[in-house]
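*Asks:* Starting from the structure of chain A, add chain B where the hints point.
Protein chains: 2
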Amino acid sequence: MKPIKVGLLGLGTVGTGVVRIVEGNQEDLSSQVGSPIVIEKIAVKNTEKARNINVNSDKLTEDPWEVIRHPDIDVIVEVMGGVDQTKEYILEALERGKHIVTANKDLMALYGSEILAKAAEKRCDVYYEASVAGGIPIIRTLIEGFSSDRITKIMGIVNGTTNYILTKMSQEGVSYEEVLKEAQDLGYAEADPTSDVEGLDAARKMAILATLGFHTNVELRDVSVSGISSVTKEDISYARRLGYEMKLLGIAERQDDEITISVQPTMVKKQHPIASVNGVFNAVYVHGEAVGDTMFYGAGAGEMPTATSVVADLVSVIRNLKLGVSGLKAIAPYKEKRLISDEEIKYKYFILLHVDDKAGVLAQITQIFAEYNVSLASVVQQPNEFNPDAEIIIVTHDASKANMDKVQKHFESLDVIRKVKSVYRVEG
Amino acid sequence: MKPIKVGLLGLGTVGTGVVRIVEGNQEDLSSQVGSPIVIEKIAVKNTEKARNINVNSDKLTEDPWEVIRHPDIDVIVEVMGGVDQTKEYILEALERGKHIVTANKDLMALYGSEILAKAAEKRCDVYYEASVAGGIPIIRTLIEGFSSDRITKIMGIVNGTTNYILTKMSQEGVSYEEVLKEAQDLGYAEADPTSDVEGLDAARKMAILATLGFHTNVELRDVSVSGISSVTKEDISYARRLGYEMKLLGIAERQDDEITISVQPTMVKKQHPIASVNGVFNAVYVHGEAVGDTMFYGAGAGEMPTATSVVADLVSVIRNLKLGVSGLKAIAPYKEKRLISDEEIKYKYFILLHVDDKAGVLAQITQIFAEYNVSLASVVQQPNEFNPDAEIIIVTHDASKANMDKVQKHFESLDVIRKVKSVYRVEG
Chain A
1 MKPIKVGLLG
11 LGTVGTGVVR
21 IVEGNQEDLS
31 SQVGSPIVIE
41 KIAVKNTEKA
51 RNINVNSDKL
61 TEDPWEVIRH
71 PDIDVIVEVM
81 GGVDQTKEYI
91 LEALERGKHI
101 VTANKDLMAL
111 YGSEILAKAA
121 EKRCDVYYEA
131 SVAGGIPIIR
141 TLIEGFSSDR
151 ITKIMGIVNG
161 TTNYILTKMS
171 QEGVSYEEVL
181 KEAQDLGYAE
191 ADPTSDVEGL
201 DAARKMAILA
211 TLGFHTNVEL
221 RDVSVSGISS
231 VTKEDISYAR
241 RLGYEMKLLG
251 IAERQDDEIT
261 ISVQPTMVKK
271 QHPIASVNGV
281 FNAVYVHGEA
291 VGDTMFYGAG
301 AGEMPTATSV
311 VADLVSVIRN
321 LKLGVSGLKA
331 IAPYKEKRLI
341 SDEEIKYKYF
351 ILLHVDDKAG
361 VLAQITQIFA
371 EYNVSLASVV
381 QQPNEFNPDA
391 EIIIVTHDAS
401 KANMDKVQKH
411 FESLDVIRKV
421 KSVYRVEG
Chain B
1 MKPIKVGLLG
11 LGTVGTGVVR
21 IVEGNQEDLS
31 SQVGSPIVIE
41 KIAVKNTEKA
51 RNINVNSDKL
61 TEDPWEVIRH
71 PDIDVIVEVM
81 GGVDQTKEYI
91 LEALERGKHI
101 VTANKDLMAL
111 YGSEILAKAA
121 EKRCDVYYEA
131 SVAGGIPIIR
141 TLIEGFSSDR
151 ITKIMGIVNG
161 TTNYILTKMS
171 QEGVSYEEVL
181 KEAQDLGYAE
191 ADPTSDVEGL
201 DAARKMAILA
211 TLGFHTNVEL
221 RDVSVSGISS
231 VTKEDISYAR
241 RLGYEMKLLG
251 IAERQDDEIT
261 ISVQPTMVKK
271 QHPIASVNGV
281 FNAVYVHGEA
291 VGDTMFYGAG
301 AGEMPTATSV
311 VADLVSVIRN
321 LKLGVSGLKA
331 IAPYKEKRLI
341 SDEEIKYKYF
351 ILLHVDDKAG
361 VLAQITQIFA
371 EYNVSLASVV
381 QQPNEFNPDA
391 EIIIVTHDAS
401 KANMDKVQKH
411 FESLDVIRKV
421 KSVYRVEG
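As they're listed, the protein sequences go chains A and B.
Using this note's numbering, you'd call the opening residue of the first sequence number 1 and step up by one each time.
Using this note's numbering, you'd call the opening residue of the second sequence number 1 and step up by one each time.
Hints in this document: simulated from the structure, not taken from any laboratory.
Please read all numbers here as calculations on a predicted model, not as lab measurements.
Be aware that one or more of the hints could be misleading.
[Unchecked claim] Partial list, derived from the structure: chain B residues whose beta carbon lies under 7 Å from chain A:
no., residue
1, Gly135
2, Pro137
3, Glu144
4, Ser147
5, Asp149
6, Gly292
7, Thr294
8, Met295
9, Phe296
10, Tyr297
11, Ala299
12, Met304
13, Pro305
14, Thr308
15, Val311
Don't be surprised by glycine CBs; every beta carbon is placed ideally from N, CA and C.
For reference, chain A alone in the conformation it holds in the complex:
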């Protein structure tokens, strides 16, 4: 059988895993696609660099164009990262009729629709399972497993770094700064952790998942984002005492034909299956009208898990190629995008207030909630452990952002409230 020749852009962590799987599982892979798979050419930054894997040096090049323009290569596997320059490589590869497998969430979140349109035009495949939640086949699940259902909610722990940090803070009662430092030392967090800890990485992944789940073109700017850098160990301790775990959740919801997508630290009821997803693991919870609650759990990053998804995509792309159906299976988003206006977005809130410790304060505060039609699920007043104020901890029922903004605005004019210490979304 004539081998299928593959070009690889990038030989970092994931690229190395791809080479390992393609070489190590060659027998199984050939059985699945009907011919050998050969990695023909690999673009790297520096051909001289020492590597964890033996690769014939003839295969290496420092010029990505050499891979993209290679006449024998049918499929390009892009695991180099980057956005603008990488987009140029991908578009040129598609122009030349090459199929694409990519693990690049930034690329797909920012330029996915442009790339997929070009692919459709050129009848090429673009597969990107590894771009979200590493080894968990969540993109296939949304496209095929739930093709029959109408999805109403996707909640994801899709960033391992922040889940590691929050898990450690929760289990060991240590501060954000301490754990971040440790995560950086262990290689779980980057030297500049902004993209992870401020929620941007998760937001990109949620844009990809929401696009697939809601059949509409969700862009990064549609996702409201806040990160975990201001979460304190006290916040987590309050969460646990009330029966919640603090998680950085991406949440995409649909109500009728309107959607909303956000990423924020969220207090999740301990009984919810996503609350017990700990450490660097990822999980995506999906609720469909017919299927109900489902959850998909696994490693969200790392050499081999991510490479598993990349090579599974490669198998699919090669099978399509052999069946002559490349580029014919993708379904472009077919629904108009209608975002729920900010004010109408409703959820439950946790609010921690520091107040004067005197009579009538609680009455004043609950009166404000009543005035703006925010009903309360639980209210606890207790002495503050650290200073002479009292603390009031409130969990609301579903409340609109518009009404909660009014409540908070009103709080500012209230002398008895010394500080609105924390406000979090609550789920489950």
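*Replies:* What follows is chain B alone, placed relative to chain A:
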């Protein structure tokens, strides 16, 4: 666009769900397959029966052959159940070039290879996602999501009835008989619950999953089975005190090129993600060499969750039909089946003994384990709560069945052992 005509065999719980989804989600489904989907003819036992759904009475027939021989029907959806007669219907439908979607685990576990061979011969599709774990797209995940990986272990809670019973026993400390009665009253268990509680239903599903995961033809007789009817509330109470939950687990394992598949009540470490899957929910944990630990969770039965999988299969089958690739995507098992011999199967054991309450007994017993090379992870001796014996609770390290059989044989000749009360597999 010319509609795709579908024939339905059965209009029970799942069949009703299929009609609801096909009618209710018609707009989305058409967007996915490119033409309307029409349920043209439905075979039922009794056309006069009152139903939960309005169906044009012209569509109903009491003769399945009328559906199978219908010239305009391209796809048969089989949700009637049954085995031998149903196999005849399916084989005849394939003979006539019709594609099949089935939710029938019994059929697929017993005659899957015969049906899939006929399908390959006739270039027809046979999809059966709904046959295992209801709404969880685990079959797609094994076939496509993990096509690149070598799976070493599949552990499934794949029977909702028994999981409901064990969860209730565990959470409420009640007996098997009490919960079974309640489950029957609630409709979670059949009047004759044998197939569920004795593990046969789970064994059929594990045969299907192991066939896909290990690429070899696993038959029902390859699965060793024991059910939950002899699990006592005391057993569960011991399990919990030691940090385990009792679950009916299907376990398929591969060691090098040998496999073993079993279903048995198993004590699972509480920290394992599958230990917290409760009630009628199902979950399948999959370990791959590259991807590591993953788990897939959702409703394992019920009208709408199961119908979600059936209609997702219908979408896939229709898309293949339109792309002209029907029957070309299935990969037949390509590996020789080599079962690990019974004696070589190794796992951890929990053993509860009732013994004479006198000096030297523990030494005698631990000596027997040592003699047969079974090393112990923990040993607890305590007074028996209910009678004058003492209890000894032992958890072993991995031990071969051969050695454990010898240990148990030796126990019989030991006067100080009054009773080997319970023996369970331990996981995690």
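*Asks:* What hints, given by number in increasing order, does this structure fail?
*Replies:* Result: no hint breaks.
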